[in-house]
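Chain by chain, the residues:
There are 2 protein chains.
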Amino acid sequence: MELPSKHLQEAVDQFSTLPGIGRRTALRLAMYLLRQPAEEVEMFGQTFKDLHRQINFCEKCHNITEEELCLICVAPKRDQQQICVVEDIRDIIAIENTSQYFGVYHVLGGVISPMDGIGPEDLNINSLLHRIEAEGAREIIMALSTTMEGDTTNFYLFKRLKDNDVSITTLARGVAIGDELEYTDAVTLGRSIANRLPYESSLAR
Amino acid sequence: MELPSKHLQEAVDQFSTLPGIGRRTALRLAMYLLRQPAEEVEMFGQTFKDLHRQINFCEKCHNITEEELCLICVAPKRDQQQICVVEDIRDIIAIENTSQYFGVYHVLGGVISPMDGIGPEDLNINSLLHRIEAEGAREIIMALSTTMEGDTTNFYLFKRLKDNDVSITTLARGVAIGDELEYTDAVTLGRSIANRLPYESSLAR
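Residue numbers (numbering that gives the first Met the number 0), protein chains in the order written: chain A, 0 to 204; chain B, 0 to 204.
Incorrect hints may appear among the rest.
No distinction is drawn between identical chains; accordingly, a pair holds when it is met within one copy or between any pair of copies.
Within a straight-line C-alpha distance of at most 27 Å, the following computed DSSO-like cross-link-like pairs (lysine-lysine) qualify [claimed, not checked]:
| hint | residue 1 | residue 2 |
| --- | --- | --- |
| 1 | Lys76 | Lys48 |
| 2 | Lys158 | Lys76 |
| 3 | Lys5 | Lys161 |
| 4 | Lys161 | Lys48 |
| 5 | Lys76 | Lys5 |
| 6 | Lys158 | Lys5 |
| 7 | Lys5 | Lys48 |
| 8 | Lys158 | Lys48 |
These are computed hints drawn from the structure, not numbers from a lab.
Could you put the whole structure together from the sequences, leaning on the hints where they help?
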């Protein structure tokens with residue numbers, strides 16, 4: 000596909016670097032921008048040009064912030080002794096949206112995945128251990144994906160943490176609210192029978 | 000969805016303005032850029048910041064160019080008397096990829112679509128008429144979409160052009176090469192029987 004302008008080609012190339020965007024979509028997006036007012040497109044570019052300069056990662060939990068520490072770590076009402084370990088900043092956003100969690104977070108930046116060449120040293124695991132040693136923690140909630148990689152990471156963290164005086168929990172696994180039983184997979188359903196709850200706790204939502 | 004940084008929010012907002020990109024995808028793309036090296040993301044922004052300044056539209060055919068006229072309009076070997084009318088610059092790229100066309104183009108910038116509030120005055124139709132008056136043309140090939148809007152635009156152009164001494168053609172409609180007859184829609188198949196060709200012409204590919 001030869002384009003009539005090298006600058007259009009550059010714009011298409013840049014869009015193509017984004018995950019899930021192929022060359023055809025990239026061209027469609029670049030053509031869309033060309034039809035927009037020049038000032039708006041300049042603003043579009045400026046936003047990404049400044050992105051790295053204006054966004055930092057929290058020194059404590061690796062969440063996104065514009066200061067040294069993130070808004071959650073500095074909030075006086077958050078329980079600093081309860082740390083929820085997540086893969087990604089998007090998981091923080093998802094949990095914050097529930098308004099059900101009042102502790103702090105720790106972003107690992109991924110999960111252990113030998114297939115992708117990601118080992119424990121590539122994740123923010125040492126900073127989690129230092130943080131627990133320095134400041135203590137009452138509870139570590141492991142909120143990772145329920146995939147093989149997530150389970151491996153959970154197991155690794157459990158082994159590294161178990162000598163500390165801290166209780167280690169994971170998110171409840173079970174039938175999702177709104178799901179029909181017949182479509183729930185056997186592993187989830189089996190686990191939800193084994194870990195059944197007193198009826199009263201299902202009312203407290 | 001509340002984000003931990005106003006600059007991240009801006010990046011997500013900017014991605015969300017693109018067609019086909021919702022807020023979740025926008026966040027995924029912004030997070031991807033945050034994980035890339037700062038220089039690369041700065042380059043990403045710079046490319047779009049410069050986009051409008053570096054790309055013009057050809058004064059003659061409205062194709063993309065970095066000069067006043069596009070590479071096709073200035074090419075000495077192209078037949079200036081044969082004008083292929085297309086909706087969009089992407090259609091030029093598609094036709095150029097066939098290496099079967101040696102005339103020039105005229106980009107309408109869309110099709111007549113009353114539902115979307117697009118009338119003839121919103122398209123590059125007057126510049127096409129001026130161009131034909133000023134420079135003459137032997138043939139106008141109408142290469143618009145085979146939709147109702149494309150057909151309406153074809154009909155409108157035909158009415159405006161028919162008093163000029165120019166032959167007006169459209170792309171051949173018929174069974175696509177590689178298609179099975181039983182899956183071809185009835186209108187296309189009916190048209191391809193009515194407009195059947197001498198066998199020899201099907202060999203000249």
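Each hint tested on the structure:
Taking the shortest Cα distances, Lys76 and Lys48 never come within 27 Å of each other, neither inside one copy (35 Å) nor across copies (42 Å). Neither within a single protomer nor between protomers do Lys158 and Lys76 lie at most 27 Å apart by alpha-carbon distance, with minima of 30 Å and 73 Å respectively. In this homomeric assembly, Lys5 and Lys161 never come within 27 Å of each other (Cα to Cα): the closest approach is 57 Å inside a single copy and 38 Å across copies. In this homomeric assembly, Lys161 and Lys48 never come within 27 Å of each other (Cα to Cα): the closest approach is 44 Å inside a single copy and 51 Å across copies.
In the homo-oligomer, the alpha carbons of Lys76 and Lys5 lie at most 27 Å apart only across protomers (22 Å), although the nearest pairing inside one protomer, at 54 Å, exceeds that limit. Taking the shortest Cα distances, Lys158 and Lys5 never come within 27 Å of each other, neither inside one copy (54 Å) nor across copies (38 Å). In the homo-oligomer, the alpha carbons of Lys5 and Lys48 lie at most 27 Å apart both inside one protomer (20 Å) and across protomers (15 Å), since each shortest distance falls under that limit. Proximity of Lys158 to Lys48 under the C-alpha cut-off of 27 Å is found in neither arrangement, the shortest distances being 42 Å within a copy and 49 Å between copies.
Hint violations for this structure: numbers 1, 2, 3, 4, 6, 8, all remaining hints satisfied.
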